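A.B. asks: Now for the letters of each chain:
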Amino acid sequence: MDSRSSSEAHRSPLALVALLLLACSLAGCARVRPDERALLADPAMTFGGEGTPGAHEAHVLSNREAAFGGAEARGGGCGCN
Amino acid sequence: MQLNRATLVALCLMSLPAWASAQDRAELDTTVTLFRESGGPLEMTVITPSVDIAAAAGEHVEVRGGWEADIVSGASVAIVDAPGEVDAVTSATRLDDLRHTARFGMTFLGQRTDLTVAYQYGHESDYRSHSFDLNARAELAERNTVFSVGYARGFDRVCDLRQESLAAPERQRLPGSGGCFAGADDRIARDLELHTLRGAWSQIWSPILVTQLGASAQVLNGFQVNPYRSVWLGNAAAQEHHPDNRARYAADLGARIYLRRLDAILQPSVRVHRDTWDIRSITGKLSYVQLVGERGRFQVTGRYYQQTSATFFSDDYGLRPRGQYFTGDRELSAMRSYLASGGFEYQALGEDLEGERALQTLQLVARGGFLFSRFPDYRYGTAEVPNGRSFFVTLQVDMHF
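Protein sequences appear in the order of chains A and B.
Quick note: the first sequence uses this note's numbering, first residue -8, plus one each step.
Quick note: the second sequence uses this note's numbering, first residue 172, plus one each step.
These aren't lab readings, by the way, just hints derived from the structure by calculation.
None of the values given here were measured: they were computed from a predicted structure.
Each residue gets a CB set at the ideal place from its N, CA and C atoms; glycine is no exception.
Heads up, some of the hints might be wrong.
From chain B, some residues computed to sit far from chain A (all C-beta separations above 10 Å) [to be verified]:
id, residue
1, R196
2, A263
3, E310
For the chain B half of the interface with chain A, some residues (derived, Cβ under 10 Å), not all of them [as the list claims (entries may be wrong)]:
id, residue
4, F206
5, E239
6, Q383
7, R419
8, I428
9, A435
10, Q438
11, S440
12, R442
13, I450
14, R451
15, E516
16, L542
17, T565
18, D569
For reference, chain A alone in the conformation it holds in the complex (with noise of 0.2 Å):
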């Protein structure tokens, strides 16, 4: 590898980086005040809030594609294969 591949190689995941850190400096400008916070209050608005039934469904879901997991250490058993 040359050293100009060995450069962009190394590009992308500091760049990533880079971005991230520009993100949560972002972040720090929101400022939303707890009176304004009514609409954040409901279950649609928070992510996992989709309670018990939402867990169904990703277990029906995470038997049926390779992909799935990694939220969680649970390896298999159900027998749903």
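Add chain B to chain A, keeping to what the hints say.
C.D. replies: Same frame as chain A, but now just chain B:
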């Protein structure tokens, strides 16, 4: 027979009476899901009832426990690509299985942070699993920013024939679960260990916009085969043989957008995944939640999923072998799936009602969906996959005290 008894159990669980104490906050959630996949001689029915209880033990501790079961009944292909003039799909064999899962967790609540520890145990006639989960969460910048990080460790044991001294092409599939974890001389328990690390950054950008960026990594080491499935290798059938090691990486980005004029919420998300078996996938999902009055809401969801095949996948190992590994798992081939689902929630009893009572809120949820899966490179001999269509229905009763 087992399925009829299971249906009765599920219906009884759905009608559990409220009994938790009214002194502290508590929640009782009973949910049941029916999943059905069928086509040609192949079919799979799974009923999943679950009960979860959570209670606040003082101001800084929350305790939760739960139980879930998978009641499985169906017919699947035992020898993939079996030769003969008869359609290979007709070699389907019946299976019935029951899996119980018990879970327990505690959350320690601070002003801006919380820490959750959890444990789950899974029990099947041919499978045992233990998993431990640790998750930490911190709110920063006046609660506009949330970081979470978690680690989970799993210890699974899978029943198999005692045949580890045989070469992979000579191993036979497990004929049944009889003798598993019972000390039978011809049965052995194979280990599977899992490490999972995940992190997420949630950000409130405005009163109507929240985003979340997440990433996860998982390492699996051990037996990752369906012991009941074998593959025709050209001159004999052998139990499928997968690598012992697999590392998976995923990243996801989602948003929650409140549409003021419609009084609705839009939920777009995208997820990408890659693993060391060279399976790469992308998932796109869009949900629309419409609020209906003070107590109701309905939701519609569309989801698209696409993946490439594992590096060792072949549709015909007799003609096109792919090294030392071989699989009959259609979910390790290239595939696409389309999910369309919808549901309705209704709060039958709300906190706005006056008067003292133990039951503060009662919410009813009904959801259902259709899943269409396509396997362009996977066949049972010359037969296309007949059971790529499935549906599911979920009913939930959620009570707060």
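A.B. asks: Evaluate each hint against the coordinates.
C.D. replies: Going down the list of hints, with the structure as the test:
no., hint, verdict
1, R196, "16 Å, holds"
2, A263, "13 Å, holds"
3, E310, "12 Å, holds"
4, F206, "5 Å, holds"
5, E239, "8 Å, holds"
6, Q383, "5 Å, holds"
7, R419, "5 Å, holds"
8, I428, "9 Å, holds"
9, A435, "9 Å, holds"
10, Q438, "7 Å, holds"
11, S440, "9 Å, holds"
12, R442, "8 Å, holds"
13, I450, "5 Å, holds"
14, R451, "8 Å, holds"
15, E516, "9 Å, holds"
16, L542, "7 Å, holds"
17, T565, "5 Å, holds"
18, D569, "7 Å, holds"
In this structure, every one of the numbered hints holds.
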